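Could you slot chains Y, A and B onto chain H? The hints should help.
Protein chains: 4
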Amino acid sequence: MRIIDGKAQNVKIAYIGGGSRGWAWNLMSDLATCPDMSGDVYLYDIDQDAAEDNRIIGNKYNDAEGTISQWNYFVGKTPKEALTGADFVVISILPGTFDEMESDIHAPEEYGIYQSVGDSSGPGGVVRAMRCIPMFEEIAGYIRDYCPTAWVINYTNPMTLCVRTLYRTFPQIRAFGCCHEVFGTQKLLMNCAKEKLGIEIEKRSLIKVNPVGVNHFTWLTRATYQNQDLFPLYRELAEEHRETGCTKWLDSNWMNNCFRCSHKVKFDLFLRYGSIAAAGDRHLAEFVDGDWYLKSPEHARNWGFSLTSIQWRRGSLEERLQKSRDLRSGALPITLKQSGEEGVAQMRAILGLGDPLVTNVNIPNVGQIPNLPLGAVVETNAVFSSNGVTPVMAGPIPKEIHSLIGRICAEQELVSEGVAERDLTKIFAAFAGDPLVTCGVEDARALFKKMVLNTKKYLTDYDLSTL
Amino acid sequence: MRIIDGKAQNVKIAYIGGGSRGWAWNLMSDLATCPDMSGDVYLYDIDQDAAEDNRIIGNKYNDAEGTISQWNYFVGKTPKEALTGADFVVISILPGTFDEMESDIHAPEEYGIYQSVGDSSGPGGVVRAMRCIPMFEEIAGYIRDYCPTAWVINYTNPMTLCVRTLYRTFPQIRAFGCCHEVFGTQKLLMNCAKEKLGIEIEKRSLIKVNPVGVNHFTWLTRATYQNQDLFPLYRELAEEHRETGCTKWLDSNWMNNCFRCSHKVKFDLFLRYGSIAAAGDRHLAEFVDGDWYLKSPEHARNWGFSLTSIQWRRGSLEERLQKSRDLRSGALPITLKQSGEEGVAQMRAILGLGDPLVTNVNIPNVGQIPNLPLGAVVETNAVFSSNGVTPVMAGPIPKEIHSLIGRICAEQELVSEGVAERDLTKIFAAFAGDPLVTCGVEDARALFKKMVLNTKKYLTDYDLSTL
Amino acid sequence: MRIIDGKAQNVKIAYIGGGSRGWAWNLMSDLATCPDMSGDVYLYDIDQDAAEDNRIIGNKYNDAEGTISQWNYFVGKTPKEALTGADFVVISILPGTFDEMESDIHAPEEYGIYQSVGDSSGPGGVVRAMRCIPMFEEIAGYIRDYCPTAWVINYTNPMTLCVRTLYRTFPQIRAFGCCHEVFGTQKLLMNCAKEKLGIEIEKRSLIKVNPVGVNHFTWLTRATYQNQDLFPLYRELAEEHRETGCTKWLDSNWMNNCFRCSHKVKFDLFLRYGSIAAAGDRHLAEFVDGDWYLKSPEHARNWGFSLTSIQWRRGSLEERLQKSRDLRSGALPITLKQSGEEGVAQMRAILGLGDPLVTNVNIPNVGQIPNLPLGAVVETNAVFSSNGVTPVMAGPIPKEIHSLIGRICAEQELVSEGVAERDLTKIFAAFAGDPLVTCGVEDARALFKKMVLNTKKYLTDYDLSTL
Amino acid sequence: MRIIDGKAQNVKIAYIGGGSRGWAWNLMSDLATCPDMSGDVYLYDIDQDAAEDNRIIGNKYNDAEGTISQWNYFVGKTPKEALTGADFVVISILPGTFDEMESDIHAPEEYGIYQSVGDSSGPGGVVRAMRCIPMFEEIAGYIRDYCPTAWVINYTNPMTLCVRTLYRTFPQIRAFGCCHEVFGTQKLLMNCAKEKLGIEIEKRSLIKVNPVGVNHFTWLTRATYQNQDLFPLYRELAEEHRETGCTKWLDSNWMNNCFRCSHKVKFDLFLRYGSIAAAGDRHLAEFVDGDWYLKSPEHARNWGFSLTSIQWRRGSLEERLQKSRDLRSGALPITLKQSGEEGVAQMRAILGLGDPLVTNVNIPNVGQIPNLPLGAVVETNAVFSSNGVTPVMAGPIPKEIHSLIGRICAEQELVSEGVAERDLTKIFAAFAGDPLVTCGVEDARALFKKMVLNTKKYLTDYDLSTL
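Chains as they are written, first to last, in this note's numbering: chain H, 7 to 473; chain Y, 7 to 473; chain A, 7 to 473; chain B, 7 to 473.
Treat the hints as calculated values from the structure; they're not laboratory data. Since we're looking at a predicted model, the values are computed, not measured. Please note: incorrect hints may appear among the correct ones.
No distinction is drawn between identical chains; accordingly, a pair holds when it is met within one copy or between any pair of copies.
[Unchecked claim] With a Cα cut of at most 30 angstroms, we get these calculated DSSO-like pairs of lysine-lysine:
id, residue 1, residue 2
1, Lys456, Lys83
2, Lys202, Lys13
3, Lys455, Lys301
4, Lys254, Lys456
5, Lys66, Lys329
6, Lys193, Lys463
7, Lys456, Lys301
8, Lys83, Lys329
9, Lys202, Lys456
10, Lys13, Lys200
11, Lys209, Lys13
12, Lys462, Lys301
13, Lys343, Lys209
14, Lys209, Lys86
15, Lys462, Lys193
16, Lys209, Lys254
17, Lys343, Lys254
18, Lys193, Lys329
Just chain H, with the same shape it has in the complex:
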């Protein structure tokens, strides 16, 4: 890579999981419209056909209307080929198949445990981590060997544990994890400010927030627009809609029925704790006692959100596979649109192209949240600039929510260590202590065994005989 007259040329991006149907196209679109970067994208995927599809699709973006930046797409046949010389690495993989995910999400229902997502926390999140962490150990090893100074952006869940694994395996790695959940709350605040103050705010990033916590259980301790503290407005909103939820601003473009929520959980948590829980209700509900919002599908529905079933995911994938075929064949023309993700903006900022960017990110705690453990991966704002990615001092978790967040963070640290050591006792200790596991110790043990066996194809280096 070189930067000439403010434009970065020959940037090499390696995309692990580059056969993705969805995220990959977002990235292609964002790259095509980036004014000051161009170069090569190497797609690596264990499904090489999928990577090949995306190679063909990616190259079509160069001819799309509105494209201002040329990127050459390649299939990286080996990690070595994909990663060597990379300036940036994007990781977005599915750890296992929908079969394992079906067990993650639905097996606990037998014990009265319902999960709305099942990929970050809860019994499903723990078992997914058992599969996923060894994969990230491998990826981190490749990065150490082939592109140790590359910047690594992870989108895979469980976000916290994926990023934690990258650092645990290769401490010098320059990795961070990105998640758009906070953006939704900024949009909610934007609408709230518009309604209450009558002002039109141009874009969500003008709402300045201070996120603290762990991914998908991130809370805002401050939110402002210009000289306006938005917390009093938000309190009004929450009080008005605590019973009914607030659906008036739902953006059906990015939310479908299955991801939709009415913010009742968010409002309830705000009125109880005084900080703004920043992820969507489906995520939030999974980090607190299962009896609060997830006793049953009906209970969730009363709280204004739905459970995302594996059946829905399978259907959605079918649609996306069809879209992939159509994009490849040309039946569906390439169209550019901004994804709303910040990955490309972050790359630009790291190269010093344009102003520093301040946004939320998942990286190890070096003190940005003084009352969470050092080394644990936390979510706060960070400054992206040519000096790298520097977290801001987000400050301590407020006392009201320290117990909630600290508990999750400690559980994740235990899962991280337990999986790193392939130690089922430690992993079960975390599993049984998860807030969603409301079924008692004996049942938890049975459930754990069942779920682990369901995913055992991916657990070849564990000793499962002690289950």
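Quick look at chains Y, A and B alone, frame taken from chain H:
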């Protein structure tokens, strides 16, 4: 006070709650047999008749067989009279009456929440704290005004929050909290070593342990006798008795049916987490998810322990009241016996009489447990010597149990702040998040309201209208 | 104040020390050219005539060519009048007169101690702090009483101790200290990059740096431009010019003979320690052993810098007084020019007008530098946005310079406490330990006494009898 | 080893540097009179003849009058033989010969730098560390390989850096460093209490102190006897003797002219800083600015202490060599006397024989001194018991002396890292910043080069070409 030839004369001890039927007599006995201290004990109690009873009883100890140290007992009619000039202050009070305690313990049963003790944690512990903390604010104020350099020993529960309140109100106070729960585990280890190694250990204090945690939820991360690591022996014991419990060494002198336990909870926790939970099972069960060991009285019984009902407590008090009358009248003669408590030994050590004493104590965290919040009251070993009470570096809570303990510690910090500010929102946030409150948010709110109203006689400076 | 359509109206700025001849005009110029703020500036000064002069001059700015923003200037006759309702407070005062400053700078010469500035550290800095800190206690009290939520920008030296005092007196204050010394090093790096890489960099702020340390003894641990690490270039530069210094890029507009330096000290420190000392050599030399660069005026000259004498300062003031008269009378027309200071840009960013600003600032350490004491005022980058001023995690001071900086920081903490308590023993402990005080304990005591007595007019609430 | 009926049998002690003429005999005497340990002592020394001398002498102790414990002495011909199976390792070596030490101590005099000891700090301490640290890296490696769970007691100087190296090389090591300097101050306090209070205190260990700092620059923040705070008495003493020093209690048994001091430095430091500097004046003077107490030999003499010259050390060694010959031949009979050292008492306590022992020790900082860097080796009290060696929470260094101690601690961390990396730039950065190096940078560089070359025989794995 003065120390002459290694003997402390004119020591003044103030006893807040000095009308106690039980603890007070233990203290009297220990003082009477202390070889190198003598002086005055001022009994202060809101029940002055009870204090007067104990004054009479106390003075009888001077004539008991085996008494080697003379102490004059007085009733302190006001806090000022009791405290002025005190070298030591002992606090052991009942916050409220058995009527309030009945609500603390039994009101939650309507929502399927059972408590084995109900005085430290759980819904009962939180509501008891609402009554108790204001009393300790008052006591701390008296100490600040009348004897700011006195050493203050607290025995009242909720231990953590009582000691926290003393320091919050008067940060220069020299206070600590004592609890004998760890002693029981030392005895268990002593018996275990005897069985497994065939060695006779003279006294429980020769078992060296490293406690970490919060009161009644204290864990041992090391336990040794001479050059012997006791953890492998304890693991054997736990594995042998995980199903049946271990009752063979029950000491019926100090345990009656109601306090008895078979260590099944302790063993289960050890096998899951690798550290030794050091309190009795009745306490331990209250700090973890209610579904684990406390789903119902039967469930508890299956785990080898019983719930201490208020009915039992009322009966026990009746017996102790009778004993008080008999001691006062002389119908029951005064007999000396070692209480097994360490209060008097601690006083001696603080005065530099004899060797330094290393034992467990509850004091604010100044770093002795690096991964719990600074300022929170924690339980670790400390050195008692003429240089004061200095905690040892107990080290971090092991990852396996960090989530369990950190959660409780954060909850207690929130209760402490919530009650200090008389802020029902904060208190309810803690209440609803307690591991025993397994009933969902809406029910938790109803239960909280009910329990608070049951104890409202003691909550005169709260604004209860927002309940 | 209100913000309408992205413009802040009716902003109130209070200027403590508003009679200044120099800084005040810089601020007026920057305000006049600020596109989106307007309002009132209240000038408060113990020299009310000087404030009146500036009021007249300030109002002339509204008619100057190029002015795009209207500001009304007033004399605030009392602190109350100046501060009540202020949105921003600027503090730039001279603590005492040039008579006291003469003693600060020159009295130590009798003992072989030479100071190049004498206002931040060294014997002069300590004694100046004795005068200055009580003034800042008073100012902090006014802010607490009249405008507790105002943002407070300090420019007065000793910077660290002034900001420390504001927070010690009124912990909720929203204050920070600004200093342009780091900017000079960014310019040096800009020139260096131009020479070595042949690239033209538009402005110094595009050089991204990570400052750590305390004011005037701030070091850069990273410096980059786009994807370019500037440390290797800087090492080349330092090695080339270690003997001769580097004067080729001296900007005579902002440096005159007396402030000029050739960066020999900076280069020497870099080659010894591996981090870039970021202040000018005159400042840097005062924070290390006096024998290193300040044995004598000749020694300093050999190191490529001069001592700023009080005589020069008196002359400079004369010129500025004349300029003041001419500006007031109109003999000298008002001209706008950018001051190079960032105060106004910081105000805009705090109001959320425009993008977040990342720049260096002096605020209490909340962990942004983990290996300096919490609470001490440190200099690092911070994000200015509508969410306030949030320091970034600058990271630990590198081991190589930890001893140098840690020593200064601890000394300043001791001065801060010593002056707050008016405790001459503590202050002398700091004085005698200062790196410039190379004269032995006995001489240090004599010197301290002399210097304190020279400034005693301002030390009315100290007990000087124990000197 | 096994413990039967409270007696440890077959204890194996490895003594690295076991050819010592002095310390070795102290240890032999203390072991011979230890009631409850017996076993084998393996003497390892690069001077095998010296080890053989001590083997013969050691075995004679078994027949000495008063011996109650049998120990068999062996020469360990290799580290492997000496260390394998060891329960305890004692390290007391001389890094290099008196020729190198002569340069360490006297070479700096050419630049006006005088050192009273020259083995811990100052230019001599730094260069000695350059020789010594590689030796300790080697020793730590042997311990890791041959006896990883042994307890390791170091007596070698520079104490801090030796212990630091053991932990840096083998983090799991169970090592600590012992030093008797604090004992002398306890004796001084004992005499002071006797004079001022008229009480006879049986032994120095009854004076309870709280040491903080780094070895040889340790300070007491509290000192008590029974209920008596000794600081006011000590202040009286210091004020009475600030001019004259206090020599009345000099114990000529353990002090000869060369080690003698009159405590004037200690008193001066107390009156300036309010804490009691606990090492002897010869050591203390080396940790502060050279201009304070060490401008010249006369200056030191005025402050009541002498410089220990290499000439004196050579003479002393001659005497000890003669003594060795006489002990070996039997010309001099073996006599038992208590050394005053605590090594054997510490071993007993670690084995759980007898009560826990609370005494000062040098180990890595895990928070016992919160305002010194974690990992640096610090001196505080610790509890020795069968649970190991646990530091107490000594608390933060007082503000008054934080700058003094923090500076030294940071310098030592830099030397440790610099030598570990064989990085002359880092080592020189520490050297030039040492408080005794008062000669300016250029001279410091020349001196460093000279001293390093003088010791180059021991620096075979450094690249000295860059000097």
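Structure-based check of each hint:
no.	hint	in the structure
1	Lys456 with Lys83	neither (36 angstroms within a copy, 59 angstroms between copies)
2	Lys202 with Lys13	between (42 angstroms within a copy, 20 angstroms between copies)
3	Lys455 with Lys301	both (22 angstroms within a copy, 23 angstroms between copies)
4	Lys254 with Lys456	neither (42 angstroms within a copy, 36 angstroms between copies)
5	Lys66 with Lys329	within (14 angstroms within a copy, 67 angstroms between copies)
6	Lys193 with Lys463	neither (41 angstroms within a copy, 47 angstroms between copies)
7	Lys456 with Lys301	both (21 angstroms within a copy, 24 angstroms between copies)
8	Lys83 with Lys329	within (24 angstroms within a copy, 73 angstroms between copies)
9	Lys202 with Lys456	neither (51 angstroms within a copy, 37 angstroms between copies)
10	Lys13 with Lys200	between (37 angstroms within a copy, 18 angstroms between copies)
11	Lys209 with Lys13	both (26 angstroms within a copy, 17 angstroms between copies)
12	Lys462 with Lys301	within (28 angstroms within a copy, 32 angstroms between copies)
13	Lys343 with Lys209	within (16 angstroms within a copy, 33 angstroms between copies)
14	Lys209 with Lys86	neither (40 angstroms within a copy, 40 angstroms between copies)
15	Lys462 with Lys193	neither (41 angstroms within a copy, 43 angstroms between copies)
16	Lys209 with Lys254	within (18 angstroms within a copy, 46 angstroms between copies)
17	Lys343 with Lys254	within (24 angstroms within a copy, 50 angstroms between copies)
18	Lys193 with Lys329	within (29 angstroms within a copy, 53 angstroms between copies)
Of the hints listed earlier, those the structure fails to meet are numbers 1, 4, 6, 9, 14 and 15, in rising order.
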